[in-house]
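Trainee: Here is what each chain is made of, one letter per residue.
There are 4 protein chains.
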Amino acid sequence: MNGNRIGTIFQVTTWGESHGTALGAVIDGCPSGLALVPEDFRAEMRRRQGGQISFATPRKEEDLVAIESGVFEGLTTGTPISLRIANASQKSKDYEEFRHIPRPGHADLTTYLKHGHRDHRGGGRSSARETAARVAAGVVAKKILARSGIEAAAWLHSAGPHRAEVDEARAIDLMPLSKLRELRDASPLGALASAAGQWLTQAEALREAGDSWGGSVRCRVEGLPAGVGEPVFDKLGATLAHALMSLPAAVAFEVGGGRAMSRAPGSAIRDAIGAGPRPLGNNHGGLLGGMTTGMPLFLGVSFHGPTSIPKSIDSVDLRDSQKTTLQVGGRHDAFPLPRVLPVVEAMVAITLVDALMRAGRIPEKL
Amino acid sequence: MNGNRIGTIFQVTTWGESHGTALGAVIDGCPSGLALVPEDFRAEMRRRQGGQISFATPRKEEDLVAIESGVFEGLTTGTPISLRIANASQKSKDYEEFRHIPRPGHADLTTYLKHGHRDHRGGGRSSARETAARVAAGVVAKKILARSGIEAAAWLHSAGPHRAEVDEARAIDLMPLSKLRELRDASPLGALASAAGQWLTQAEALREAGDSWGGSVRCRVEGLPAGVGEPVFDKLGATLAHALMSLPAAVAFEVGGGRAMSRAPGSAIRDAIGAGPRPLGNNHGGLLGGMTTGMPLFLGVSFHGPTSIPKSIDSVDLRDSQKTTLQVGGRHDAFPLPRVLPVVEAMVAITLVDALMRAGRIPEKL
Amino acid sequence: MNGNRIGTIFQVTTWGESHGTALGAVIDGCPSGLALVPEDFRAEMRRRQGGQISFATPRKEEDLVAIESGVFEGLTTGTPISLRIANASQKSKDYEEFRHIPRPGHADLTTYLKHGHRDHRGGGRSSARETAARVAAGVVAKKILARSGIEAAAWLHSAGPHRAEVDEARAIDLMPLSKLRELRDASPLGALASAAGQWLTQAEALREAGDSWGGSVRCRVEGLPAGVGEPVFDKLGATLAHALMSLPAAVAFEVGGGRAMSRAPGSAIRDAIGAGPRPLGNNHGGLLGGMTTGMPLFLGVSFHGPTSIPKSIDSVDLRDSQKTTLQVGGRHDAFPLPRVLPVVEAMVAITLVDALMRAGRIPEKL
Amino acid sequence: MNGNRIGTIFQVTTWGESHGTALGAVIDGCPSGLALVPEDFRAEMRRRQGGQISFATPRKEEDLVAIESGVFEGLTTGTPISLRIANASQKSKDYEEFRHIPRPGHADLTTYLKHGHRDHRGGGRSSARETAARVAAGVVAKKILARSGIEAAAWLHSAGPHRAEVDEARAIDLMPLSKLRELRDASPLGALASAAGQWLTQAEALREAGDSWGGSVRCRVEGLPAGVGEPVFDKLGATLAHALMSLPAAVAFEVGGGRAMSRAPGSAIRDAIGAGPRPLGNNHGGLLGGMTTGMPLFLGVSFHGPTSIPKSIDSVDLRDSQKTTLQVGGRHDAFPLPRVLPVVEAMVAITLVDALMRAGRIPEKL
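Residue numbers (the numbering used here), protein chains in the order written: chain A, 10 to 375; chain B, 10 to 375; chain C, 10 to 375; chain D, 10 to 375.
Mixed in with the good hints, there may be bad ones.
One copy or any two copies: either way a pair holds, since identical chains are not told apart in the list.
Straight-line C-alpha distance at most 25 Å; calculated SDA-like pairs for lysine to any residue [said to hold, decoys possible]:
| # | residue 1 | residue 2 |
| --- | --- | --- |
| 1 | 320 | 31 |
| 2 | 152 | 292 |
| 3 | 188 | 176 |
| 4 | 320 | 210 |
| 5 | 332 | 292 |
| 6 | 332 | 192 |
| 7 | 152 | 178 |
Quick caveat, the hints were computed from the structure, so don't treat them as lab data.
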């Protein structure tokens, strides 16, 4: 019970189902004095909706965020910020088929086993639509970070079986954040690899074939002060892992140099320490012992591909345990990773604001 | 501040430094009626100490766990269980050199930047010695799980650049847990790959060369009921990620099919649903939508290699910011992964007991 | 920062300002399978609005509660329940006077000192209007309790300087809950004392005179199982105190026999133990050592009188620190205690559901 | 389960039973850089033991506090502070009689009903001995407060049926804290009322008669900055109520003007606001809307008298439900209130440090 809150000081609680009246987030612990207006949310909400991508299944209506409390005359007051996103009218009938037949590879089955009664429409609370509330809360977190000169950018690192060549990936890692963001925003996939054009073509073919891809995202954060993160259990890498692995379809997480570090000899991954004091390299991706070093933070998350695809598959009818064959109709998300980028940034921003607050780096009054 | 507690109902707080008087754990939230005596801790504490491994640096004295509260006449009472492990006399002088010179690749620098004043001896609280308290708490968690027929086993999956062939790794994944544990315990590395004998030889050579390896661990859990895990933020994969990524040197985590799932088409990773109802395969490694399916749970964690190695490296003197060259003397841990196995199991067990309690599956009185 | 959540398993987060768009509550941790429809909220919301009382200042429009998530086809699903109460159009101009001049005896001053920027209209978040969200959440808690046969009833114990004679108060304490509730609901003040008619007359005179009264409320709970409450810090009396003392204007709390017990000799307050086993009396009001005994639970809360009264008083202008004299106009609440009764019951119910869940007495699926 | 932690940032977890090996507290969230040595604890531990009071039952051995982690070379390091107090050898046999027969008016019965298995010796975890760990943690909290010029003092306000005359009590409330502390420490009861000498005589007579008294304590805190406290649920009065009502035998709590405020008209309890801005009086006892005003904070707690008294009373044998008559032998605590004073101060200090941290007023590095 009750896993819908994240954060210890900057606390975000989300609510809402895919086909309910609305969904939203309540942020408890935002400092007063932060400028915040509804317009602040539009760009990020649009990124998540990803309307321009040909192989995705965007909702037609723009997700507008209403600020229902916590802001007065354009500034936060330190009281809970309630953000609400109305769900446009959805055809619930489309989902009648799944009322008693859980879709394989989805939370339908486990939700049924846990709660018995469930909202089956569009996956209910397990729908990726739930991430709209995360992105809305993330906008507030990003604005707090920006006040301290902290910025995060996520990009598409791999698409199904494809990723940038190692050397090119390293070049991407070293690219200035502003340059990186510019190139990413020019790419329909949010990818920086030179082969991304081919990935796009292949993703479109995949959609035609009724199949899908997962992939992985990388994120870099700049501007963090040193000493943020709370060992031993709330090391920054651990709380980031928690936040990112809570995303729908997340299957793997890495921080700093990640898996590559586990394969290298110890002598190859140490950075000498120089004046500052700070590390003279960044093999550890901005963290040592779970606390920030002041160098850029790196992390990666991998997601499996959507399982709501037209290809038919067997399931059971929950009423009589009879075998049945399901075919999910309509357009499907063949490759949602580009739309995941703002969601990853949102979870990173929410986690970092909380970590900064725990380290006493953000006052209750800005 | 205050990141030394994990769990929401089954709460484990650890304390203690590498070279302090003692270290320990307080467990708040253990049901009453569980049999618990000091002898229960010995096998796991020994596994963590790993005395028999030639390339490791075991402490000479056995870590004995004293139960200082919460148990009366051999049964838990439902009050906090205080576990205490005395630190045998250590030569603090060995560490005098590091009082003002942070060791590269360690938490020394970030601890200094965060707290200013620190216990520099042996890494203080950032020492891997801290995991002794985790293992002690894990013993209690494992005993609770065992009452419900739930068992976990971790094994060495890769050693530096080496891992089992794909087909062999799959065979390992399918091996009965009892068989797996038997083979693992017969291997000095805790590895099941047929090439592990060579890894051992190479790890010993690495130690001679003054270097080290990281690697990765996999863990499987059997006997879990369905419906455990609390979406959306406390999906079981997310809380496991939090727990495992809080371990010293952890750099990557995966759950279920992990990264491989992100590379496969969506059609290849769905398991049809059959009678039960339950999935007819286990591509998702026991989780769907962050809740258990009732199938075995799989996870993996990767660690970077130790950075306290004899090879010299530059650092700075914190008093005058002058450059200096450090050489860490004495024996070093060239490949500590085998000793990490019981630590991984402990964190998994602690996380699962909490998740089961949150789902109302463990009563306050056993 | 972030004090807007209560509960550890049954978590209630409230949001909203007196004159904002809306206010609401998110309940995270409600079991699935509970029948819940908007109509369930009406009676309690009306009790809080107290429209029929001559000396109060009810809002004209009825507070309607919209269920925006967590309920599907009339049953809870185990996901967060979002409750929203729209604020009818309010004349904000009425409050322009208080934008820069804090009202004495209010949170205006401390809110300004803490957050700088604030919503001054009607007290913003510090308004007693905030309790509407508590009452809404309390309706859900009461329905959960009712499933286990647990019922609570609060009544007016004292009005300003008046209270029932000691013997009459004792008789009230022993009255069956159904009888008590019946008499209370027949009284415009929610009082059971025979002198309550005079209190009403005096309260009306007080309103004419531009002044106000506080008073105290008592509450009794029946049907609780034994063993609920979590020593040492979350004894049931302590979590109830927390919940009740968080109400606007609360100044004192007592549990069980309360203050009277502190004046009696120890020999007079012990209840012998008989078969069951259970106490043969109820001097301790249903609790021993912070855990329920299975006997009825008693508690009391005292509130100071409203300070927004027509009598003029000095304050300062926050812009220039100049002294100024304030006179709060319009109708005022001379004696709001009768409207507080459902709020007290709501906080008691919320606290008890959480305590029952912590003791493992309420499953995640009803 | 798990109610043994208090605080959200400054987290104190206590453990230990009356007749176990030891008891202790782990403080997670203490800033680094605070001077702390074992000698710091002696005065407060002695106050709690109250050896000089003729009618109390002091333990013979002094309670010595060992610092087992979190402090290095006399300064805190920001890691968990583990405090341990060994229990001197106790005669457990004295309690054999109560193994199966719960003492009326004690937690014996409810502990049995909740947990089944329990440590019956001396009340186990429900013993007032548990407060030794609270006092130890309170010493650390007091030292943190002292760094900010914040001081608290508690005194005996009433003894059984006796209290100071109203005018004298008001004079006490206005006495400078240093003067108050001086007079209090000169009184064997910790009382400031002129009649306290008679109370002492009567308490001694009460002990002879095999009976006991409760009473009430008042506490004043000076030096608090304005704006501390987190509405709406964690108003400072609410978190203080939680902390104080968690003490053994606590039955009532009041904050600010307390119950007297509920009997006065609203016009009599408002303080005009003057330059600062701050209230020109202190009717509300330092709090408005749950946040500090910068004026002295006042609170009171009442306790019932000890129920372990020589007078015999009926109970049941838990094995066969047979009625039996109990007589608790040995010396008894006829009036423990004087020893409660340092415990009240400890809980107040712990709560205030946490509240200050939540308001961002204490850095992670002092």
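Trainee: Regarding residue 332 and residue 192, is the shortest C-alpha distance of 25 Å or less found within a copy, between copies, in both, or in neither?
Mentor: Neither: 49 Å inside a chain and 39 Å across chains, both beyond 25 Å.
Trainee: Check residue 320 against residue 210 for me: Cα-Cα at most 25 Å, and say if that holds within a copy, between copies, both or neither.
Mentor: Close inside one copy (20 Å), not across copies (49 Å); limit 25 Å.
Trainee: 25 Å Cα cut-off: does residue 152 pair with residue 178 within a copy, between copies, both or neither?
Mentor: neither (29 Å within a copy, 46 Å between copies)
Trainee: Reference check for the pair residue 188 and residue 176, CA-CA at most 25 Å: within, between, both, or neither?
Mentor: within (18 Å within a copy, 43 Å between copies)
Trainee: Since the copies are identical, ignore which copy is meant and state whether residue 320 and residue 31 lie within 25 Å (CA to CA) inside a copy, between copies, both or neither.
Mentor: Classified as neither; 31 Å inside a copy, 45 Å across copies.
Trainee: If the cutoff is 25 Å on CA atoms, where do residue 152 and residue 292 land: within, between, both or neither? Let me know, please.
Mentor: Classified as neither; 29 Å inside a copy, 39 Å across copies.
Trainee: Quick one: residue 332 to residue 292, C-alpha cut-off 25 Å, is that within a copy, between copies, both, or neither?
Mentor: Answer is between: at 20 Å across copies they meet the 25 Å cutoff, but 52 Å inside does not.
Hint violations for this structure: numbers 1, 2, 6, 7, all remaining hints satisfied.
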